[in-house]
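Asker: Could you build all of it, start to finish, from the sequences and the hints given here?
There are 2 protein chains.
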Amino acid sequence: MALRGGVPTDGGAVGVEGLRLVEEALRSGSRIEAVLFSESGAKHRDSLAPMISRRQMAFPVLRTTDRLFEGIADTEHPQGVAALVVPRKYEVTDVMARPEDACAPLLVVLAGVQDPGNVGTILRTAAAFGATGVVTAATGQSGTASPFAPKAMRASAGAALQIPIVSGMALGILLTQLKLNAIRTLATCVGTEMSAAQPEGPGLSLGVRSEQAASATSAARTLAPWEVDWCEASALLVGNEGAGLPEDVVKGADQCVHIPMSTLPSSGQARVESLNAAAATAVLLYEAYRQRKSRK
Amino acid sequence: MALRGGVPTDGGAVGVEGLRLVEEALRSGSRIEAVLFSESGAKHRDSLAPMISRRQMAFPVLRTTDRLFEGIADTEHPQGVAALVVPRKYEVTDVMARPEDACAPLLVVLAGVQDPGNVGTILRTAAAFGATGVVTAATGQSGTASPFAPKAMRASAGAALQIPIVSGMALGILLTQLKLNAIRTLATCVGTEMSAAQPEGPGLSLGVRSEQAASATSAARTLAPWEVDWCEASALLVGNEGAGLPEDVVKGADQCVHIPMSTLPSSGQARVESLNAAAATAVLLYEAYRQRKSRK
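Here the protein sequences line up with chains A and B, keeping their order.
Numbered by the numbering used here, the letters in the first sequence go through residues 1 to 296 in order.
Numbered by the numbering used here, the letters in the second sequence go through residues 1001 to 1296 in order.
The set of hints was computed from the structure by calculation and includes no laboratory data.
We put the CB at the ideal spot given by N, CA and C, even for glycine.
Any given hint could be a false lead.
Sample of chain B residues lacking proximity to chain A, with all beta carbon distances greater than 10 Å (derived) [what the hints assert, rightly or not]:
| no. | residue |
| --- | --- |
| 1 | Arg1045 |
| 2 | Ala1155 |
| 3 | Asp1229 |
Result set (DSBU-like, lysine-lysine): computed pairs, CA atoms no more than 35 Å apart in a straight line [to be verified]:
| no. | chain 1 | residue 1 | chain 2 | residue 2 |
| --- | --- | --- | --- | --- |
| 4 | B | Lys1151 | A | Lys296 |
| 5 | B | Lys1151 | B | Lys1251 |
| 6 | A | Lys296 | B | Lys1293 |
| 7 | A | Lys251 | B | Lys1293 |
Answerer: Dropping the structure here:
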């Protein structure tokens, strides 16, 4: 039972650890292969019992020593409860369909987000603001951290088992699929004061210099979050923490969305170069949720 | 030279490590006590030279071996460049003053935010959205991570040296000062669908159950982010990742702000219990910046 590393077993199972994540796993409807308690973790058995004993959940409940548990645990102070879960498999067509409770699909595409903490936080935010699904893709320069890695799973607070995820898709194929399904692609460019009227403004994006973004995209295509019509079927593209989205992806996107930021009154320079990738994504998904909610 | 731990020296200096943070330190106008290069880090000397050689910056530039550098470095693959910086000292009266470029002060008060990554990300977001300053405070239950700890400093991308910070204030004294200075306190309560009209809705906050929040606060005091008038002088109170803000702090706050979140169409239940503390703060500070910008 490999709790470390987050690499699925041959059967596609991943390990989750800690009371809260095991609860989320049991609640998620994902297939559970086993639940494991250490000696000192056995005290959590009572609180999980109602979920474990449900008849449709037939899986072995295993016990081990504290020492053995610590040996396989990924955390420093393990709570002594873990589960092997098979996350539901989704196809890209599943996440592109119109959801029953929203005007149109809203996908989040992680293209090169390398920090598992950022990936997990984005999953949590995407679920909170009702995104239809998340697709992880590699770019030429960098892969995206596995959404099922222990650190991503913890940062997601269980959302990795709740929101539909298509992981490890080739970015080119995904972009073609989105085009064929008339889903607008929105490239994130996060930097300083730059409105649709001033696309030549200063600032760095999630790695993509806004000058590049501006040269790659017409002024009409670079929008502030509140200028975007989030009720359209959309895929929000989030790039690498350092290098941002590849230039050809920004060029090929239907629109760019840019979060304006504060500048120093003395110099007009940005106070900070960019936002954290997960913070920027939270801002954009909040804006999307706000618009979608007000139109319902 | 203690790069680890983030505990200031007797002279109040903290260590920062890596090319980007050292650049930010040199740019910040903070007093530099020394810059240190390892053998392999010496290659960065050229890019920093214009800033190091400025006459007003008189400090020793030290060299050391790679091995010694690795011994004091906090990161796994150090870049071989570090600095000892004395962050500027601010008094709470500094951060409560009206800034020259905004309608009113906007403070962020971290009361029990324990993860240094969250603290750093919040500092970065606060600087990006033009907050006037950040105050860190301990609650009865939990302290706030040091904004100058290496992990917080890295997550802040240097913003810890840019935005005014008052660290380690007693929360009670701070709240009194805010009241005396007519700065409205806004307690963050982040959970599921709950508007000002339905304060009894389900959901968990940054630890504070919204039921508690609702019982503690009148309906009129619990607002969605867009219902808050962010042009008023405000202090946004952010609580512990698990336990949230202490109940008496929520009760004593002038208003509660609550980020609505998506629910499952089948059950009406929240998709996730709460947002990450830094993601929630990003959403609120974005909303504040958007309002302040549009009124300028």
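Asker: Which hints, by number, does the structure contradict?
Answerer: When the structure is compared with the hints, numbers 2 and 4 turn out to be violated.
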